[in-house]
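Asker: Sequence:
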Amino acid sequence: MFPKWIDTNEEYVTCLSDDIDSLVSCKLLEKYKGWEVGYFYNFKEIYKGTTKKVKAIGVDIALENGKTFDNHVTRLSKNDRYNIESANPNNISGISRDNYTNKYAMSTALLIYSIYDIPLPTTEEGLLVLLSIDSSFLGHYNEMFKHTHNDYLVKLGYEELIEFLDNHTEDDFRRVQRKYKMNSKIYMRCGRLKTTLILDKLSEILELDLSVPEHKFKINNKFFIRNMDLNRNRSYNKNMLEKSNESSIFSLALTSKNFVSKTNIMKVGN
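Going by the working numbering, the sequence shown opens with residue 116, and the numbers climb by one from there.
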């Protein structure tokens with residue numbers, strides 16, 4: 116049901132975004148697919164850090180067009196358009212603002228582990244960290260959402276994680292998030308990637324090299340960020356938003372049922 120390109124052996128680079136979910140996902144793709152980080156997107160700019168003449172794949176980015184791995188809800192209504200090249204469970208399941216609470220609400224990293232049948236971390240702490248990424252644990256402790264959350268874990272092939280969640284509390288995962296500063300951002304400073312994430316410890320626990328690229332990046336494009344509250348009694352679609360802003364959408368995600376975060380392209384450079 117996913118786009119066919121996920122099984123390609125062609126050479127690509129990845130586009131990293133600004134959090135641990137994207138970083139872990141990118142490093143999994145680098146290790147198991149050979150796709151190195153070539154771009155960085157912080158929702159205000161895209162930076163290029165590669166000389167390879169190959170196309171990029173977005174990672175944990177709700178791109179409106181082009182190949183990407185994603186976990187966001189991207190449709191404003193059930194008949195709204197969506198990116199058919201996005202490897203996104205919510206697109207596959209027909210999730211939109213209309214049935215928002217049926218969404219896949221776990222990390223892009225966990226999705227990539229499943230797609231490529233990558234071995235999960237072998238320790239309790241490793242699983243705690245993995246399920247803390249993008250607060251993937253959270254739906255399990257919400258009685259209204261628990262069935263949906265468990266159903267997605269079954270679809271991913273991770274029934275054993277349901278038992279793991281049953282044997283832990285929400286506080287266990289909150290502790291891990293604080294301990295390793297997992298809500299910290301990745302950012303660009305003087306052309307180089309920086310972060311306060313505790314990458315040495317996280318690399319050890321997840322059994323995965325999480326070091327960020329050390330080479331310099333150069334700005335490639337700038338974007339307008341346009342966030343908006345949605346009237347709960349009104350229906351929307353992307354064509355309406357583009358008409359009102361008079362520019363095409365680059366990325367768009369519903370971060371709650373009635374709030375949308377999107378970017379529009381403002382070209383600079385080459």
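I should point out that these hints are in silico values taken from the structure, not numbers from a laboratory.
Just to be clear, a hint being listed does not mean it is correct.
Restricting the straight-line Cα-Cα distance to at most 30 Å, the calculated cross-link-like pairs of lysine-lysine (BS3-like) are [stated by the list, open to error]:
| hint | residue 1 | residue 2 |
| --- | --- | --- |
| 1 | Lys-193 | Lys-146 |
| 2 | Lys-337 | Lys-358 |
| 3 | Lys-270 | Lys-168 |
| 4 | Lys-148 | Lys-316 |
| 5 | Lys-353 | Lys-193 |
| 6 | Lys-148 | Lys-119 |
| 7 | Lys-270 | Lys-159 |
| 8 | Lys-159 | Lys-146 |
| 9 | Lys-193 | Lys-294 |
What follows is a list of derived Cβ distance ranges for each label pair [unchecked claim]:
| hint | residue 1 | residue 2 | range |
| --- | --- | --- | --- |
| 10 | Arg-307 | Lys-193 | 40 to 48 Å |
| 11 | Lys-193 | Lys-309 | 19 to 27 Å |
| 12 | Ile-199 | Lys-331 | 32 to 40 Å |
We treat Cβ as the ideally placed atom computed from N, Cα and C, and that holds for glycine.
Asker: Kindly indicate which numbered hints from before are broken by the structure, ordering the numbers from low to high.
Answerer: 1, 3, 7, 9 and 11
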